[in-house]
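*Asks:* Residues per chain are reported as follows:
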Amino acid sequence: MSDAGLPDPLTHAEWTAGLRDGRLLGQRCVACGNETAAPKAACNECGSREIETVELPTEGTVYTVTTIAVAPAAFEGGYRVAVVDLGTEGNARVTARLEADAEIGDAVAFSDVLEVEEAVPVFR
Amino acid sequence: MHQARIVGVGMTNFGVHDQPLPELFSSAAFDAMDDAGVDAPAIESFYLGNAMGGQTERDTHLAPTLASHIGLAGIPCQRYEDACATSSNAFKHAVRAVEAGQHDVILVGGVERCTPTTGLDTPEMTSVFASASHRQYEQPTGLSFPGVFGLLTTRHMHEYGTTEEDLAAVAVKNHHHGTYNPRAQFGSETTVEEVLESPIVASPFHLFDCCPFSDGAAAVVVANEEAAADFSGESVAVSGVGHATDTIPLADKADFTATQSARDAANQAYEQAGVGPDDIDVVELHDCFTGAEVLAIEALGFFEDGEGGPAAANGETALDGRIPVNPSGGLKAKGHPIGATGVAQLVELTEHLRGEAGERQVEGARRGLAHNLGGDAGTTIVSILEVDA
Ligand SMILES: [Zn+2]
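Order-wise, the sequence lines are chains A and B. The letter at position 123 of the first sequence is residue 123 when you use the UniProt record's numbering, and the numbering goes up by one with no holes. The letter at position 168 of the second sequence is residue 168 when you use the UniProt record's numbering, and the numbering goes up by one with no holes.
The shape of chain B in the complex, shown without the other chains (with noise of 0.2 Å):
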């Protein structure tokens, strides 16, 4: 089996970008692609997430479209869809296929345009969100995506005493973490009693426990070793790629405070590199919600069951903490275009292993690790990476 290596990484600033979206995935594409030292040429497969295009701008069939607007034509191209796991799916796929020889070099990327300054109003776009709910059982209840994570987290507060001021501060770790980060949507900092001031959206989780629309798109180039070495672009290893699923609707889940795709995903990603979780030193997971980065730090093993609730405000989870997670901000102050969001998680863990993370660089990190949940924790991708394996 080969080794897949990440060796070009590149995004947009994630926020509001008024552009249609071969225009706006050509930049990150370009930047990938220029940072590994790749020309079009020497790419095999192209393997897109994009979520809701069809949806949202009436957009389909974008893997070749997009293509074509970088020079690309003519290469087997592929579009994945899996709600907010969309690009990390594709990656994975990317992965699979260097690993079993079938392409030496791959462009993987993801881009998405969810804000109301570029596409559909909030009603409209939390309709759109909803969708990834189940269309007969869940979407007639009203139930909104800030709703699904409303159960789960609603049940981890009754389950383990979790609390508001606990989520909040997952909110002002991330919004801090973010203004290290010149990409990141909101580049301010928080406080606790400014997230519980604000409107509720669905209870328990107050405006600034959520992540906003955003548009944006990420890229990174995926190589074999040889090629890889090959290439300029300073290469980092992907050791493990783990993909799990879980019963939808959510009230079929046998356990709400589990994520158990995500436990299953972790699993088999930490199998696959001959790891567990004390050997990750820097982490960027899925917070679309402050509660999901609560039930996500419990699930990828970095915290006992029912501890992950106070891990933020006891700073265990911040840049200088014993586990750094989301050191980009996450989805929550970096931005989430859904889309996108998958692949960006993996240029900011290159550029930690890689030394490139600026003010926000966690020191001397040398494995990384990806948590990446679609719809109702239905799917989750959890992806390794490190300096040399």
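For reference, chain A alone in the conformation it holds in the complex (with noise of 0.2 Å):
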């Protein structure tokens, strides 16, 4: 179902192998159009197992952010988590690091991985 050159069914190894490709991974169900940057193995706005991988706009909009000063054991505080809205039908959006000044709504892309204990994106 998926497009091509695409892992099916999106694992967590594939979807940080992505982002290391410097793509942004995500599914979408085949059945009700709900799509998510966090794979799973069916969709949990109608249950549906049959969900497509697709690949995900790299472009987006802070949704919200939050600085972190007091940050856990593996990470030195002083850094931005945010959650990036990527504009697409089926409402994905990623969490990710933003490396920027940007507030919500502003336009903030795709630029490189962070990987202190496993890769995740950053956005600036």
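Calculated from the structure, these hints are not laboratory results. Idealized CB from N, CA, C, for every residue including glycine. Just so you know, nobody snuck in bad clues.
Each pair of labels, with its calculated beta carbon distance range: (1) A/Glu55 x B/Ala254: 19 to 25 Å; (2) B/Ala73 x A/Gly47: 39 to 45 Å; (3) B/Glu304 x A/Arg49: 36 to 42 Å; (4) A/Thr61 x B/Glu23: 50 to 56 Å.
Using the hints, put the two chains back together into the complex; each one sits in its own frame.
*Replies:* Rendered as structure tokens:
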């Protein structure tokens, strides 16, 4: 079902490998069109297991953001974490590091990958 | 269906407790049993909430361990884990077991030790708390738990104009309530200026917008109406319990300001109790961060969406306000020993409904509501207690 060359099903390992290739992979439910940037084994809107891997836009807008001062043990405080709205019809959003002064509504783009524990997208 | 009732309550002071979990829990459990007038042989089952004992103090299989410490060995015991909603989930299952006639008398409790004094240091404990966010798609970003609520609250501020001063007013109000609660971790007043001048933890939250790390325990005895009538404790009815979840991770939630699981759980509880928000006299809700209280008073129907921000500043949620919220001081001032929090809310409400809440008594309270949230509002349990139902 998925676009040619995209992993199906989309595992966490394939998702992080995609990030390292500069691609933001996600899923679209074939039955209802719901999208997610955090791969799952079934759709949470309708329960369908018929979900296809999609390449999500790498540009979006900041939906919300927080600056973390007191950080978990593996991290050094003073960074920003955002939820980025990718503007797709299926309402895909991704949690990412934000390395910009951008506020809610500002345009940001996927620029590189942070790997403290595991790969996560960085937007700026 | 049987009518579940709370017939006895007990809790420790919240703060620092340098004693093992069984010893800490036993004082709350015995207080609840003595308050109910229930001896150990009458208790048929034990429902425990403990969220993090495995991570923080290498202590698991806790339900039978704690039961054995208080003379309950042999009965069926079970432990629940749902992040900060842990012991409310234990309570919900106990209530359902009584309603179904499976058990007549149940001990429900929660216990946790989270302070750096007795356990892990702040960065380690911040990591443990963050473990309630998505392991693959949130934790690796460095998102902390205050950060989770920072994301929700920042969005609320954007959509509705809620201000940092509005948030600080929640802390000021709950600290003030805490001065009347001898069990509260913080028994001192604070001011909007003091909150805003305290260091940022995760924006928009300053240190004084956040609940503390706490140690503590709480317990209640739940019984059906016939058993309750035989015990000396003045009982209150459990007229409704709702329980709902929402999508994890946060980014997949449809609406960041709704805390939809709270709305769904509240609707279930209101429906079971046959009441609505206007019928509630006193509320204990999950103010892990000041912004969480703002989201909750809207989700529970006490304020229109977008109008919860100024509620504390306007005095509407104070002890003498239109709808008193967190007379105990809430998680903010009373403290938040994760697995004990949900049951501690029920202890507070029971005391108000009995007219035993002392200086912080909500006068004439006949119906109370508890809202206990777990994770990124991934779980919420809402319970309604009343004097006679
Ligand atoms: Zn679907």
